[in-house]
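Colleague: Chains Z and V supply the protein sequences, listed in that same order.
Residues 165 to 583, numbered by the numbering used here, are exactly what the first sequence covers, in order.
Residues 165 to 583, numbered by the numbering used here, are exactly what the second sequence covers, in order.
Honestly, the hints are just simulated from the structure, not real lab data.
Among the hints, erroneous ones may be present.
[As the list claims (entries may be wrong)] Here are some of the chain V residues that sit facing chain Z, going by a computed Cβ distance under 10 Å: (1) N311; (2) V436; (3) T441; (4) S442; (5) S445; (6) V446; (7) H449; (8) E450.
[Unchecked claim] Partial list, derived from the structure: chain Z residues whose beta carbon lies under 8 Å from chain V: (9) V436; (10) V440; (11) T441.
Keep in mind the model is a prediction, meaning the values are calculated, not measured.
Glycine included, each C-beta is placed from N, C-alpha and C at the ideal position.
Letter by letter, the chains look like this.
Protein chains: 2
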Amino acid sequence: MSGAEDRAARAALTWLAEPGNRAVWTLVEETGAPAALELLLSGDVPDNRLRGAVSARLAAGDPRRMAEIALRRAERLGARLVVPSDEEWPRRVTDLAGLELDTAGRINFDIRPPLCFWVRGAWPLGEALERSVAIVGARAATGYGVNVTSEMAYAIGRDGWTVLSGGAFGIDAAAHRGALAAGGPTVAVLACGVDRPYPIGNSAMFEQIIETGLLISEWPIGAEPLRHRFLIRNRVIAASTAGTVVVEAAARSGATQTMSRVLALGRPAMVVPGPVTSAMSVGCHEILRSNPFARVVTSAAEVLEEIGHIGEYLAEPPRGPQRRHDHLDEETALVLEALPRKGSVTPEQLAAEARLHLRTVLRRLSLLEVAGLVTRTAEGVSLVPRQVPPDPPAERRTSAVPERSSPVSGQTSSVSEQD
Amino acid sequence: MSGAEDRAARAALTWLAEPGNRAVWTLVEETGAPAALELLLSGDVPDNRLRGAVSARLAAGDPRRMAEIALRRAERLGARLVVPSDEEWPRRVTDLAGLELDTAGRINFDIRPPLCFWVRGAWPLGEALERSVAIVGARAATGYGVNVTSEMAYAIGRDGWTVLSGGAFGIDAAAHRGALAAGGPTVAVLACGVDRPYPIGNSAMFEQIIETGLLISEWPIGAEPLRHRFLIRNRVIAASTAGTVVVEAAARSGATQTMSRVLALGRPAMVVPGPVTSAMSVGCHEILRSNPFARVVTSAAEVLEEIGHIGEYLAEPPRGPQRRHDHLDEETALVLEALPRKGSVTPEQLAAEARLHLRTVLRRLSLLEVAGLVTRTAEGVSLVPRQVPPDPPAERRTSAVPERSSPVSGQTSSVSEQD
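Using the sequences provided together with the hints, build the complete structure.
Modeller: If you want it as structure tokens, here you go:
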């Protein structure tokens with residue numbers, strides 16, 4: 165099959181059946197997307213429920229034609245379709261392939277990986293999600309929840325991590341806005357077409373997100389934000405990030421559902437506690453009481469520490485630059501190794517030497533600079549000599565390779581400043 | 165040795181060295197209190213530090229004489245000295261004998277069981293502590309902490325459990341007052357003589373506690389509330405209750421020290437979370453983050469559920485009276501078994517039949533009555549027939565053998581009503 169055929173078939177399949185559908189995903193895995201589409205259109209489907217859903221959908225239009233329209237509209241909008249064969253496909257969502265939830269209901273059964281993503285924004289999707297944290301929570305958030313979320317997202321964004329959320333009012337919006345304020349990248353995962361991000365009240369924010377981050381959705385251009393789609397969408401929030409924080413959540417709400425996905429995936433499930441007198445913290449405490457693996461977090465530093473347990477962050481306080489160097493992620497280490505011992509080079513030379521994209525090199529250099537390992541001058545980039553390791557600038561010392569702060573001292577000041 | 169000699173020696177020993185002292189306790193275990201006192205007075209002590217402390221103390225007076233004075237003053241005050249050979253000695257504090265803490269410092273070394281308790285109040289000490297929960301926390305509590313504590317202590321008190329605390333301002337006082345408001349028993353564990361309960365600002369409350377509960381202390385009549393004594397006292401709070409709740413605590417405070425004792429003893433260590441923006445909740449979140457066995461609790465029902473894991477409470481929702489009966493504690497079961505299938509008996513007859521104290525029988529009958537298992541009439545007490553199990557009165561349905569409420573639904577209403 166050609167790349168274009170695969171793309172068109174995936175777009176059509178997503179229009180035909182809701183994302184995550186187990187039978188559709190299995191068919192695509194076995195036969196490829198074009199053959200799977202062919203099979204569904206022929207009605208030769210073993211799954212009765214799926215056959216019924218498909219024939220109902222076929223009455224509304226021809227999937228191939230709808231996909232064509234959606235792809236054309238996407239192009240006009242500056243949006244793109246990302247499929248698994250693309251270099252920018254995010255690797256983590258594949259973990260949904262092996263996920264089994266023993267709780268009942270279709271919503272816990274149809275949790276397979278996305279077939280494709282519709283994307284608005286310039287940044288490669290995989291790169292945007294590689295170092296990402298989800299922050300989710302109640303739409304009817306309290307002032308407490310909004311303040312804590314903004315502060316946390318700001319600090320996480322300033323630390324070079326992508327803040328991902330669902331674009332909703334309340335905690336979601338506070339998370340996106342906090343990251344935007346930090347000049348950090350943010351990704352909104354929608355449950356409708358990226359042409360009509362929902363809710364409309366957040367339109368100005370969505371425009372800002374497109375400029376520096378991404379709007380993404382599994383649903384084709386034009387798709388409506390139907391109620392059940394938010395629950396389907398939540399598995400992507402859980403699966404595409406290094407960990408998820410819930411700030412405020414009502415009992416048994418969308419946010420607690422997202423957290424159950426996070427826990428099932430074995431990713432860091434982080435919970436911000438709140439007053440036990442607040443209905444908006446009941447869901448948070450419920451998660452803490454019912455899941456031994458859910459962890460209390462009270463600050464961005466603690467969030468990054470949790471993620472560090474499975475990621476690039478340090479589990480122990482660093483003792484010096486050589487120690488930091490040892491714990492850098494692979495790409496950053498490549499950039500560092502490509503730097504000459506003496507003298508300076510241009511980023512372009514570094515990219516060629518390290519065999520990395522220039523964009524990647526520039527991002528990693530920023531982090532290394534913040535960490536005090538490299539310095540930029542008019543001549544180019546050079547290593548900071550090891551014998552005199554400069555401290556990272558005080559106000560950005562949690563960036564890139566943070567000192568692990570004491571579990572207590574850091575958090576109060578960072579969170580309570582605004583109160 | 166005679167009982168009076170043992171009592172006098174224990175009183176003298178407590179005047180001579182701070183309670184919890186490992187060397188003193190070991191001597192008393194090996195030789196008995198009078199011989200241990202003799203040994204300490206003779207200066208024939210292997211422990212250099214102890215020998216030094218004793219000789220310094222001897223300069224202040226004769227321990228035997230001081231004990232005599234203290235015992236006489238206690239008698240005038242209506243206070244009494246309780247020693248391990250007394251029937252009312254609380255059984256749980258003995259667990260301190262086996263406790264080892266690997267953190268450094270004398271305060272983690274001298275954690276042996278009390279030698280005696282000075283007690284004000286009519287209730288037998290062991291009975292008061294048998295079904296008890298400690299609620300501890302910050303003196304500089306917030307309105308949030310005080311409200312949550314009052315509500316929780318009220319509900320625990322109404323449920324027939326003793327609320328134990330340290331008599332301090334803030335969370336401690338809110339705990340005692342909540343229990344008093346419920347007409348429930350409450351016990352204040354002091355770090356000074358029971359003749360001069362500290363702080364003076366709580367004097368009216370202490371008077372109330374003496375009327376319906378107990379003031380207790382390891383320190384003799386006249387002892388001052390020295391700073392280090394509060395930390396020594398905390399091990400008794402941890403060891404004498406079925407579990408401990410911390411409501412608000414600053415980082416590394418007295419309350420977090422108490423919780424570390426609770427965790428070391430393997431007792432339920434329960435933490436009420438709060439806003440991450442509140443300095444008074446930092447200690448609470450610190451405990452939750454650093455101790456996998458610490459549990460979030462948000463209501464009295466959850467506290468009683470946690471205690472139930474090691475006590476008489478049900479871990480599963482009861483399905484009917486026969487099921488409830490199966491899970492009753494031993495004394496209650498004895499009372500129930502002593503009741504005739506038909507007809508009624510007097511409490512006195514029951515006590516004789518069950519071989520229990522009348523007081524115990526009366527307490528158990530109250531609980532059984534609340535649970536809808538027995539009924540009292542003019543003729544006496546009789547079993548409620550099994551085929552028609554009446555529901556417990558709605559407003560007291562968590563009493564005695566509570567239905568286990570959903571982890572979420574109960575708490576919000578019970579805690580947020582006052583806000």
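Colleague: Hint by hint, note whether the structure agrees.
Modeller: Comparing the hints with the structure gives:
{"no.": "1", "hint": "N311", "result": "holds, 7 Å"}
{"no.": "2", "hint": "V436", "result": "holds, 6 Å"}
{"no.": "3", "hint": "T441", "result": "holds, 5 Å"}
{"no.": "4", "hint": "S442", "result": "holds, 8 Å"}
{"no.": "5", "hint": "S445", "result": "holds, 8 Å"}
{"no.": "6", "hint": "V446", "result": "holds, 6 Å"}
{"no.": "7", "hint": "H449", "result": "holds, 5 Å"}
{"no.": "8", "hint": "E450", "result": "holds, 5 Å"}
{"no.": "9", "hint": "V436", "result": "holds, 6 Å"}
{"no.": "10", "hint": "V440", "result": "holds, 4 Å"}
{"no.": "11", "hint": "T441", "result": "holds, 5 Å"}
In this structure, every one of the numbered hints holds.
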